[in-house]
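Chemist: The lines below spell out each chain.
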Amino acid sequence: MPGSVERADAQLTGVVQRETSLRAAVDAGELWLEAGVAERAAARCDQAVRDIDELLRGADVLTKKRKFGDNEDGNAAAERFAQAGYEYIDSMRHAQRVFANMAATYRAAGRTVAEADAANEEMFRGRSE
Amino acid sequence: MRRAPIAMVAMVGLLAAACGSRVPPAPAPPAVADASRVDMCTILTDQELTGLGIQGNTRKPEKVLGVVGCGWLGKPFTLRLERDKETVASYVARRNDPSFVAFAQNTVHGRAGVQIQLRRSGDQCDQSMDGGTVSLTVGVAASFSLDPQPIDACAEALRIAEMIEPRLPTTG
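Going line by line, the protein sequences match chains A and S. For the record, in the first sequence the residue sitting at position 100 is 100 according to our numbering, with numbers rising by one throughout. For the record, in the second sequence the residue sitting at position 120 is 120 according to our numbering, with numbers rising by one throughout.
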């Protein structure tokens with residue numbers, strides 16, 4: 001039975017796939033967002049990255065303060081706890097990368113519209129002169 | 001017959017003097033005033049925090065497992081400043097704890113300290129220093145970036161601890 005970290009990783013894999021296909025659509029010019037909408041979506045992803053930094057900060061305190069006793073059982077428990085902590089940190093770092101890439105994708109989708117608007121404006125200005 | 005006790009006394013005296021000179025008493029660590037009332041949340045000014053790349057408005061108080069302090073977000077690192085009921089000596093006694101990726105003893109302006117790393121990535125470090133019945137900790141961890149700047153977390157934590165140390169209570 002997969003642990004919570006493995007389950008979270010599996011969910012993240014799905015998010016990564018969606019982000020990859022969104023990015024491909026943006027790059028192909030098939031997907032664009034109004035600049036304000038794109039920026040708001042990107043800002044929410046940036047916030048998620050910061051939230052995870054905060055979670056990791058709290059995890060450092062727990063890792064340092066949790067004591068299991070200096071004996072065979074205590075050391076074995078501490079090693080398992082430390083291992084779970086490393087997996088948690090790796091998983092959270094992975095999630096941050098996903099959110100950061102998602103933010104970049106939203107901003108790229110917003111830029112597409114902004115660039116198209118600027119090009120149109122330039123074209124109309126050229127015609128009216 | 002009377003010479004023997006005199007000689008014995010002389011020998012004992014010589015031995016005592018010799019032993020005394022061979023094993024000097026271990027130097028006592030400098031006395032540290034009790035820092036159990038130090039407020040780590042306000043020990044650095046907003047201006048100093050900004051200078052370190054810390055965003056003052058992200059301050060979050062924390063109180064967990066005998067640790068009281070605050071945490072902040074920033075670039076290139078996040079920061080924790082804490083007062084901890086666990087002393088430096090008790091961390092030294094736990095130096096082989098499997099949760100500690102790396103452990104080193106050092107000093108901060110002559111004050112006994114320890115550096116503890118808790119992440120395998122090596123981009124995090126806690127610098128604790130002696131505060132008498134408590135320890136005072138500066139925790140530095142690289143904040144996430146798609147384009148990370150490598151940081152020496154222990155050097156940063158020590159640098160910040162050196163900013164704080166002169167503000168801690170002293171004896172006398």
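Treat each hint with caution, since some may be false.
[To be verified] Okay, derived cross-link-like pairs now, EDC-like style, lysine to aspartate or glutamate, Cα gap no bigger than 16 Å in a straight line: (1) S:63 to S:48; (2) S:75 to S:147; (3) A:67 to A:79; (4) S:60 to A:53; (5) S:85 to A:121; (6) S:60 to A:79; (7) A:67 to S:147; (8) S:75 to S:123; (9) S:75 to A:73; (10) S:75 to S:48; (11) S:75 to A:54; (12) S:60 to S:39; (13) A:65 to S:39; (14) S:63 to A:46; (15) S:75 to A:51; (16) S:75 to A:79; (17) A:65 to S:62; (18) S:85 to S:39.
Just so you know, the hints here were simulated from the structure itself, not pulled from any lab data. These figures come from a predicted structure and were not determined experimentally.
Chemist: Give me the numbers of the hints this structure contradicts, sorted from smallest to largest.
Modeler: The structure conflicts with hints 1, 5, 6, 7, 9, 13, 14 and 16, although it agrees with all the remaining ones.
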